[in-house]
Amino acid sequence: MRRAALSSRILSVLACAAILVPAAAGAQDIAIRNATIQTITNGLIENGTIVVRDGRIAAIGQNVEIPSGMEVIDGQGMYVMPGLIDAHSHMAIDGGINEGSESVTPEVRIQPNPDDLTIYRALAGGVTSANLLHGSANTIGGQAAVIKMRWGSQLDSIWFEGANRIVKFALGENVTRASSNQSDADRRYPKSRMGVEQLLRWWFTEAREYQAEWQTYEQERQRNRNALPPRENLRLQALVDIMNGEIKVHAHSYRADEILMLMRVAEDFGFRINTFQHVLEGYKVADEMAEHGAHASTFAEMWGYKVEANDAIPFNMAMMADRGVVVSVNSDSGERVRRLYQEAAMGMKYGDMSEVDALKMVTLNPAIQLGVDEQVGSLEVGKDADITIFNGHPFAPASRVEKTIVDGRVLFDRDQAMTLEKLIQRAVTTTTEDAS
Amino acid sequence: MRRSILAWTLVLAAIGAQPAAAQNEVTTPRSYALTNARIVVSPGDVIEQGTIVFREGRITAVGADAQVPAGVIRLDVEGATVYAGLIDAANGAGLPTIAAGGRGGGGGGDAEASGPPPELNPGLNAVDAFTPGDDLLADYRAAGVTTVGLAFSGGIFPGRVSAVSMRDGMPAALVLRSPVAQQIGFGRKRGGYPSTLMGVLAYIEQSFKDARYDVRARSAFETSPGNSPLPPYDAEHEGLQAAAAGELPVWIAASGAYDIERAIDLAAKLNVDNYAIVGGQEAFRVVSAVGATGRPVIVSLDFPNPNQATGRSFELHVAPASGEDSADEQADSAAAKVVRGNAAALAEAGVPFALAGTGVSSPAEFRRRILTLVEEGLSPDAALRALTVTPAEVLGLSRVLGTIEAGKVANLVVVEGDLFDEEARIAQVFVQGERYDIPRQPEGGGRGGRAGGPGGGTATAAGEWNGSMDMQGQAFAFTLTITGQNDALSATLSTEMGATTLRGDLTDGRLALDGIFESPQGQIPLSLRASVTGDEMTGTIEIEGMGTVSLTARRGGAAVQGNAIMDGGNR
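Just so you know, the sequences run in chain order P and L.
Its first residue numbered 596, the first sequence is counted upward by one per residue in the numbering used here.
Its first residue numbered 10, the second sequence is counted upward by one per residue in the numbering used here.
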């Protein structure tokens, strides 16, 4: 009884603590000095300074002067790096992750929810951007929402402007519903891997015909201005956009054979797979992926949670990277997003990746996969001031995030988060007094 | 044909048998002069003492010196304030509910009924699905509401809004304007596509494209069938065509801040200019985005649970765990204030808005919540505007309703006191000139609850009532003799035409009696519905197949002579 009262008290205090985060203000001009700065692209700067103006990095280096009047963060003992990027997430989504009513739905687009608490948790883990993907129920799912962690912003401010348009594909057991307890008759097409390939080919053939109809119409219109255009179809148009490379494909995948299959289908229809997601057997076909131009976004060491995940090895990241594939490690989870940097660390343990290559898996490489590497992913002058400040090296087990900065605004601050611990202390004290 | 002959038979019989009108005054129906009234012509425009004249349901003169012509009933309402009838801009009471679709692609459970699914029935006008039940219209009037924008709740394309009058009668007779607007919502389809919010948004966009394309394809076919195929007929697209063509405004239901932003984006994608956000419960979070559209918001007073309002974490800076209240209680009360301050926030930002009871449990609760808004800072003028002028605009009836001006429909609320004061009593309501006296609330009857025993306390319906019906412009005298207990009443309705036996009850001051009138042409069901206050009764008799007539009666005393009863109480 007492325990229940205590935990409910703590819960209510936690709810209030959420209120104490700094209200989002305009972009701040701030500087960080005296810090160890991991630029990712231009080496490590000891005792370095970063100057942020209007939400962008204005200067970075050892001998950088801080203009007067700026708010200065003392980086003594701190490890400063680009804000982390999660290339695969389903957090902070409104109104459904899977438009699972049909197997091909590229016309739908993930609806982010900027109010979601997981965004605050992501910030606490140093993550500043994420790729909110459609689920894996559909062969061709919906379009993704690439967001910045502007927690509590208006909806139109949560989008990462300039990011790729991304669509989710999925292969294998989730699409065929291999583990569904529905009867075979109730399961929808496709029910097998061969069905998945056939469905893809059928729809892209339809899309080609649709595209041809429009081309014919454009010609006809030269002769007859009143010609009736074809009926607009958002689904087929999205498929045309995929074939034209205007929408990039991120494909949920596990087995080597299906990875090869999808690359062949794409090549037959004149497009490329941008990124294979999960891709636990990617190490078997890394050369083919590199040749195709596909990136990979994977787990560090999760495996065996279903049959098609049985052939996974933790060396996957390093082996794919070694063969020239751009590799990121992702969370796929509103929880793991808080410790994405620890996932990256495993690249050093399994496969001897360099420290920077391992860090790239949560910074520059996912930025490349999302098409935002011009804006974020490394600390360079002119890039967005998306910066994470650790109190030690991110791969050290005891390190934690002190501050997370998005567009020059401090959106997570451990000093304020400390309030939360104090509140818990107070709740514990008060409740103990009540009980005695 | 047969029915209209019968109606005339009744009327002629009434006239022939007993010319009921007073000897030297010929009155026209729904024609009154309210004198010595304090008149709120429109928000902020008040005539301290004046007269409102209306004839046949339409206002003919308003002013301090307006003359009372012959042939109207003069009502001295000294001490009372008269407002334009209130408008509940959007409400689904009396309409079928549209179940929320299930998640995912599972079957909806319901067997496919014939006809379109309710969530995708854009061609349905709300009034055609309106079944107000026994008390709804009277309850609206008791809250001062004379017009309602009938609007479905839920669904994707649930139908079209109808503007209806809160007079007694069959639904079709209540219509002021229909359709008013095409409704769009972010509901789900029961079974199948679309099963998610993202799916619904894409589906709506595709449907508007299809609706427009169908028009074009049909025109091409009809112009040149040799070169163009016959386009397939699709009832859903057909239902959307007026809205897609810009001929019918679009109302998009959106409550949460992000859904409101989505609605604004959607309107742009649909290329729809003439639209309104309906619900708008979290508009206070996106005031500038909403304001930038220049479009009105139809604000529901169905306040969201403050704990579930989005953005609470960011909008509220509440000191936790201090003082006597628990942190939860403090946060809730502060959050609740923000949530209830929605309309006031829009008013402050100059965003046009109408108030609506959609989702609110009853008309009485709607009124209560209006009072809450005013208590908490919305100015009475802004509230009145949001209940009269603005909703008249969003219903496309700004020349018809919303102010007390000559030429407009005589929808009026007579209030003893200030409309926005809790102590005020709404005494009388005129709907299209028809007079409805509002029964006094039983003392200590509890807020909104039903009174304890049958009949609500000591009032009984038993006795001999003398009164008159307004029969196509002619007063038609009757005597109603009621016996028995309130929960099981027997009555005899006697007129020159003969006597009819009725049975029914009296509950909470509402008298309901039903019976069969034996006419030479056959049996005609009659339904008497009336409010009983003390020794006075006002209400209607519905004569099946012929419509509804209004009646007033008084218990005891002499049999009435025509119109004598009509203004007796106010002379």
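Hints were generated in silico from the structure; no laboratory data involved.
In this text, a Cβ means the ideal position worked out from N, Cα and C, and glycines have one as well.
Wrong hints could be hidden among the right ones.
Stated by the list, open to error - Here are the computed lysine to aspartate or glutamate pairs in the EDC-like style, where the Cα-Cα straight-line distance is at most 20 Å:
id	chain 1	residue 1	chain 2	residue 2
1	L	K278	P	D836
2	L	K278	P	E756
3	P	K786	P	E768
4	P	K944	P	E903
5	L	K278	L	E214
6	P	K879	P	E841
7	L	K218	P	D917
8	P	K879	P	E808
9	L	K218	L	D143
10	L	K218	P	E768
11	L	K346	L	E384
12	L	K218	L	D243
13	P	K786	P	D852
14	L	K218	P	E903
15	L	K278	L	D311
16	L	K218	L	E247
17	P	K879	P	D836
18	P	K901	P	E697
19	L	K218	P	E808
20	L	K218	L	D274
21	L	K278	P	D751
22	L	K278	P	E827
23	L	K278	L	E256
24	P	K879	P	E896
As the list claims (entries may be wrong) - Covered by chain P, according to a simulated footprint, are these stretches of chain L (three or more residues, beta-carbon under 8 Å):
id	region
25	226–237
26	394–404
Tested hints:
1. K278/L - D836/P: holds, 18 Å
2. K278/L - E756/P: Measuring from Cα to Cα gives roughly 19 Å; hence the hint holds.
3. K786/P - E768/P: The hint holds at about 9 Å.
4. K944/P - E903/P: It is violated: about 24 Å lies between the C-alpha atoms, which goes past 20 Å.
5. K278/L - E214/L: holds, 7 Å
6. K879/P - E841/P: Violated: K879/P and E841/P sit about 29 Å apart, past 20 Å.
7. K218/L - D917/P: violated, 49 Å
8. K879/P - E808/P: This hinted pair is violated, its Cα atoms lying about 41 Å apart.
9. K218/L - D143/L: Given that 20 Å is the threshold and the Cα spacing comes to 42 Å, the pair is violated.
10. K218/L - E768/P: violated, 35 Å
11. K346/L - E384/L: holds, 11 Å
12. K218/L - D243/L: holds, 13 Å
13. K786/P - D852/P: Holds, at roughly 17 Å.
14. K218/L - E903/P: violated, 41 Å
15. K278/L - D311/L: violated, 28 Å
16. K218/L - E247/L: holds, 12 Å
17. K879/P - D836/P: violated, 30 Å
18. K901/P - E697/P: violated, 24 Å
19. K218/L - E808/P: holds, 17 Å
20. K218/L - D274/L: Within the cut-off at roughly 16 Å; holds.
21. K278/L - D751/P: Holds - the C-alpha atoms of D751/P and K278/L are around 15 Å apart, at most 20 Å.
22. K278/L - E827/P: Given that 20 Å is the threshold and the Cα spacing comes to 14 Å, the pair holds.
23. K278/L - E256/L: holds, 17 Å
24. K879/P - E896/P: holds, 16 Å
25. 226–237: Check passed, 3 qualifying residues.
26. 394–404: Contact hint for the region 394–404 of chain L vs chain P: violated, 0 residues under 8 Å.
Checked against the numbered hints given earlier, the structure breaks hints 4, 6, 7, 8, 9, 10, 14, 15, 17, 18 and 26 and satisfies all the rest.
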